[in-house]
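Assemble the whole structure, with the sequences as input and the hints as a guide.
Chains A and B, in that order, give the protein sequences. In this text, residue positions in the first sequence follow our numbering: the first is 1, and each later residue adds one. In this text, residue positions in the second sequence follow our numbering: the first is 530, and each later residue adds one.
Calculated directly from the structure, the hints in this document are not laboratory data. Quick reminder that beta carbons are idealized off the backbone N, C-alpha and C, glycines included. Hints should not be assumed to be uniformly reliable.
The calculated label-pair distances, taken between Cβ atoms and stated as ranges, are [as the list claims (entries may be wrong)]:
| # | chain 1 | residue 1 | chain 2 | residue 2 | range |
| --- | --- | --- | --- | --- | --- |
| 1 | A | THR112 | B | ARG582 | 48 to 54 Å |
| 2 | B | ASP610 | A | GLN70 | 53 to 59 Å |
| 3 | A | ALA312 | B | ILE747 | 35 to 41 Å |
| 4 | A | GLN70 | B | ALA684 | 42 to 48 Å |
| 5 | B | ARG561 | A | GLY355 | 41 to 47 Å |
| 6 | B | SER544 | A | SER74 | 20 to 26 Å |
| 7 | A | GLU224 | B | ARG561 | 38 to 44 Å |
| 8 | A | ALA312 | B | ARG561 | 43 to 49 Å |
| 9 | B | ASP663 | A | PRO107 | 39 to 45 Å |
Chain B side only, calculated, beta carbon under 7 Å to chain A, not exhaustive [said to hold, decoys possible]:
| # | residue |
| --- | --- |
| 10 | CYS562 |
| 11 | VAL605 |
| 12 | ARG606 |
| 13 | THR609 |
| 14 | ASN698 |
| 15 | LEU699 |
| 16 | ASP700 |
| 17 | ASP723 |
| 18 | ALA732 |
In silico DSS-like cross-links for lysine-lysine, where the CA-CA straight-line distance does not exceed 27 Å [said to hold, decoys possible]:
| # | chain 1 | residue 1 | chain 2 | residue 2 |
| --- | --- | --- | --- | --- |
| 19 | A | LYS490 | A | LYS64 |
| 20 | B | LYS550 | A | LYS455 |
| 21 | A | LYS64 | B | LYS749 |
| 22 | B | LYS550 | A | LYS418 |
| 23 | B | LYS753 | A | LYS455 |
| 24 | A | LYS349 | B | LYS741 |
| 25 | B | LYS741 | A | LYS490 |
| 26 | B | LYS741 | A | LYS451 |
| 27 | B | LYS749 | A | LYS490 |
| 28 | B | LYS741 | A | LYS455 |
| 29 | A | LYS349 | B | LYS749 |
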Amino acid sequence: MNRLLILLLSLMSIATAASAQIPYQRIAGADGDPSSWLTYSGNYQAQRFSALTQISRQNVTQLKPAWVYQMRNSGIVETTPIVADGVMYITEPPSTVTALDVRTGRPLWTYTPNIPNDVIIIGSPPVNRGVAVLDDLVFIGTVHTHLIALDRRSGAVRWDTVVDDNKNGYYMTLAPLAIDGKIIIGISGAETGIRGFIDAYDAKTGKRAWRTYTVPAPGEPGSETWKGESWKNGGGSTWVTGAFDPALNLIYWGTGNPGPDWNGDERPGDNLYTCALLALDAKDGKIKWHFQFTPHDVHDWDATEIPVLFDAALNGRTRKLVAMANRNAFYYVLDRENGQFLSATQYVKQTWADGIDEKGRPKVKPGTEPSIEGTLVYPDITGGANWFSPSYSPQTKLFYHAAREVGTMYYKGEADYKPGTAFTGGGGRRMDGDVSYGAVRAWEATTGKLKWEFKLLTPPMAGLLSTAGGLVFGGAEEGNFFALDAENGKPIWDLQLGGAIRSNPMSFAVDGKQYVAIAAGSALFVFGL
Amino acid sequence: MFVPILIAALAFSQSPTDVQKGKQLFEGLCSRCHGFDGTGGEGPNLNRPMLTRAQDDESLRAIIRDGIPDRGMPRVRRTTDNEQRQLIAYVRSLGRAAPATAAGDRQKGSAVYQRSGCSSCHIIDGQGGVVGPDLSTIGVQRGPGYLRQALLDPAAALPRGVQVIPSRNLDEFLPLRVVTREGRQVSGARVNEDTFTIQLRDANGQLLSFRKADLREINKEFGKSLMPAYKDRLQAAEVDDLVAYLSSLGGAK
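Spelled out as structure tokens, the structure:
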């Protein structure tokens, strides 16, 4: 039955290959096309779930490498491949796009933009998390802050748009999000005192359709949460690809820390819309609603984790929900139509809040701010979660999460704004070692109630994939790629890949065979039965 | 010839306030490894007139700014130019203070090392065993206080940052006691570990590797060390001499 389904789906893929098109409708219908992987998180709901069933808890022990692709540059590989019509599109650090034959891993074309030697990348390693595809184009956001459209067949540049000025510290690491006729992109740079935004560009021309700042200007709603000129360098990076609800026509996108990160003296107030989730009207970028997780953040707890969309019965009626396992140690469930706060559940050790009140606001403990001599607070500076993806299975209704159990000694320092230089006001020393650890956890998506956990030796920086084969795939900092039973978290299979895993797994099928892909070290590994 | 030197001196002129502010920063960011007042600890002592890796202020600034990641010194946090200047002022003031006089005699310390059997587990300049850390450059890695404690009560702080692997600041040479599924008991020091496997070296230097799923028990003996405590085995003067000897290892020759 499953084999037949995969065969049919593969035949469908071959049929679409003839037209060599990936229209918006096909991405919106990604759940019905599990042989492909058409967007960063697998579908617009950002669930990172594969409906393929061939690799299952019964046979995953027979998983073996199908091929391996070695990156041409060294550096951390955080890419999630996109697969469509026999081709895999990956990014290599820092901003190279490569198309691979999905059957063999042989390169078909590669494109590297001219990145100046003095490119400013403050706030992360020089990484890239992947491309977006739409129609006959592939899109990449680069570290020198260009959004570039390439021809899917040849890698030729179709258009190249400068999103903002890298000299002021703006740069990009995220995979763009392709929706109907538009490419949505966010920005990094809050560690250099940028003013963050989310942009939309016309997919055919590269012309900007709209820009929504994550920090309001004087007179705009929310500007009362900033003092004086502080909004100008208010931060609010939009690091990580958001989610999209085509029916509501709303884009869900997280925002990062206010600037300077660890010294909030010059920016008293809540500092909207930093450390928040924004729901933007896809038509014009207007903020339909916002929810701020960490008002006046001083620990760098970006809300740039993946917002996951799902519908579920709650108190007797079906609701459209959005959930985020936030860097600040709490898992939030909101109504995605109006942003109403529904629940928050602590999912890792934290020492900064006496819980979350009924409106969703944290009850911050005194004495938890960074200090010159150092203040020990949990979770750590990288958070209980970070950019890497959780997974939601519509089958088990569980939210799968790779959690970091570690604290940080937080320091406050001077902050001196000079364009294109660090504007952080402190930092932290992670209290890692044998006292810290990681865990893959599964909890009920609607309630946050823990179902199981599988401990990892150290805090991870790698995401998860759940599959209809009853599996959860994940990666460890020490290089272990593994499959757990999605029902109970029992480890079924693992393999040492020889380099830290700092990427997200994905799955696809070709010629009737299912594969799972993950980057580790400086290579991309593809496994099949 | 004199003019540039004068300019350089002016550029780095350091006020008492800088030293005070630098001390405050140092206590937050640096003292955990370099000790209060820079007397050393898990990291080397800085209260010496010449710092091998930071002979001029620009190289000291680079170390404060970037750390020495391959030698286990992290960049604890980003610092502004001004904060770097204050830290430099304070670190240089440490070197101008009276140097910490080593109580012991390093020649005698070398003899203590030889006769106490240290080399059965440790290597210095290519000679010795592999059960414990290589000590060939230990004098530039650790402060005298840390070395003294490591001799008297080695279990109080297991070494970190000696080996490249395991990274992530895990305790190195952690004593392990594992029991296999068949009931065989094995003890040794952890060499490496991941979520699914663990490697250890036993007292004979034999490497043992296990999948965790094949073990009935894994006991990580935190608070213990495979090295005996020398508190009651050496005279106070012998400890001083041995610390003086170890502190001299790896310095400029």
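Verification of the supplied hints:
Hint check: THR112(A) to ARG582(B), Cβ distance near 36 Å, so the stated range 48 to 54 Å is violated. Judged by the Cβ atoms, the range 53 to 59 Å given for ASP610(B) and GLN70(A) is violated: they are separated by roughly 40 Å. One distance hint, 35 to 41 Å for the beta-carbon pair ALA312(A) and ILE747(B), holds here, with the actual separation near 40 Å. A hinted range of 42 to 48 Å for the beta carbons of GLN70(A) and ALA684(B) is consistent with their spacing of about 44 Å.
Checked against the hint of 41 to 47 Å, the C-beta distance between ARG561(B) and GLY355(A) comes to roughly 31 Å, which is inconsistent with it. Checked against the given bound of 20 to 26 Å, the beta carbons of SER544(B) and SER74(A), roughly 44 Å apart, lie outside it. At about 41 Å, the beta-carbon gap between GLU224(A) and ARG561(B) stays in the expected band of 38 to 44 Å. About 47 Å separates the C-beta atoms of ALA312(A) and ARG561(B), a value consistent with the hinted range of 43 to 49 Å.
About 43 Å separates the C-beta atoms of ASP663(B) and PRO107(A), a value consistent with the hinted range of 39 to 45 Å. The interface hint given for CYS562(B) is broken, as the beta carbon of that residue sits about 10 Å from the closest beta carbon of chain A, more than 7 Å. The beta carbon of VAL605(B) is positioned within 7 Å of a beta carbon in chain A (closest approach about 5 Å), and the interface hint is therefore held. Annotation: interface hint on ARG606(B) holds; nearest CB of chain A at approximately 2 Å, less than 7 Å.
At about 5 Å, the closest approach between the beta carbon of THR609(B) and any beta carbon in chain A falls short of 7 Å, and the interface hint on this residue holds. For ASN698(B), the suggested interface contact is upheld, since its CB lies about 4 Å from the closest CB of chain A, less than 7 Å. A cut of 7 Å between beta carbons decides the hint on LEU699(B): the least distance to chain A is about 5 Å, and the hint holds. A cut of 7 Å between beta carbons decides the hint on ASP700(B): the least distance to chain A is about 5 Å, and the hint holds.
Taking 7 Å as the C-beta cut-off, the interface hint given for ASP723(B) holds, the closest approach to chain A being about 4 Å. Among the interface hints, the one on ALA732(B) is violated; its C-beta lies about 22 Å from the nearest C-beta in chain A, farther than the 7 Å criterion. Restraint check for LYS490(A) and LYS64(A): the C-alpha separation of about 20 Å stays at or below 27 Å, so the hint holds. Taken as a hint, the LYS550(B) and LYS455(A) pair is broken in the structure, with Cα atoms around 43 Å apart against an allowance of 27 Å.
Restraint check for LYS64(A) and LYS749(B): not satisfied, since their Cα atoms lie roughly 33 Å apart, outside the 27 Å limit. At most 27 Å may separate the alpha-carbon atoms for a hinted pair to count; LYS550(B) and LYS418(A) meet this at roughly 22 Å. Distance restraint check for LYS753(B) and LYS455(A): the Cα-Cα separation of roughly 24 Å lies within the 27 Å cut-off, and the hinted pair is therefore satisfied. Proximity of LYS349(A) to LYS741(B) is assessed by CA-CA distance (about 26 Å); at most 27 Å being required, the pair is judged to hold.
At most 27 Å may separate the alpha-carbon atoms for a hinted pair to count; LYS741(B) and LYS490(A) meet this at roughly 14 Å. Taken as a hint, the LYS741(B) and LYS451(A) pair is honoured in the structure, with Cα atoms around 23 Å apart against an allowance of 27 Å. This hinted pair checks out: LYS749(B) and LYS490(A) have alpha carbons roughly 23 Å apart, not beyond 27 Å. Simply put, LYS741(B) and LYS455(A) have alpha-carbon atoms about 13 Å apart, close enough for the 27 Å limit, and the pair holds.
For a cut-off of 27 Å, the pair hint linking LYS349(A) to LYS749(B) stands: about 22 Å separates their Cα positions.
Checked against the numbered hints above, the structure violates hints 1, 2, 5, 6, 10, 18, 20 and 21; every other hint is satisfied.
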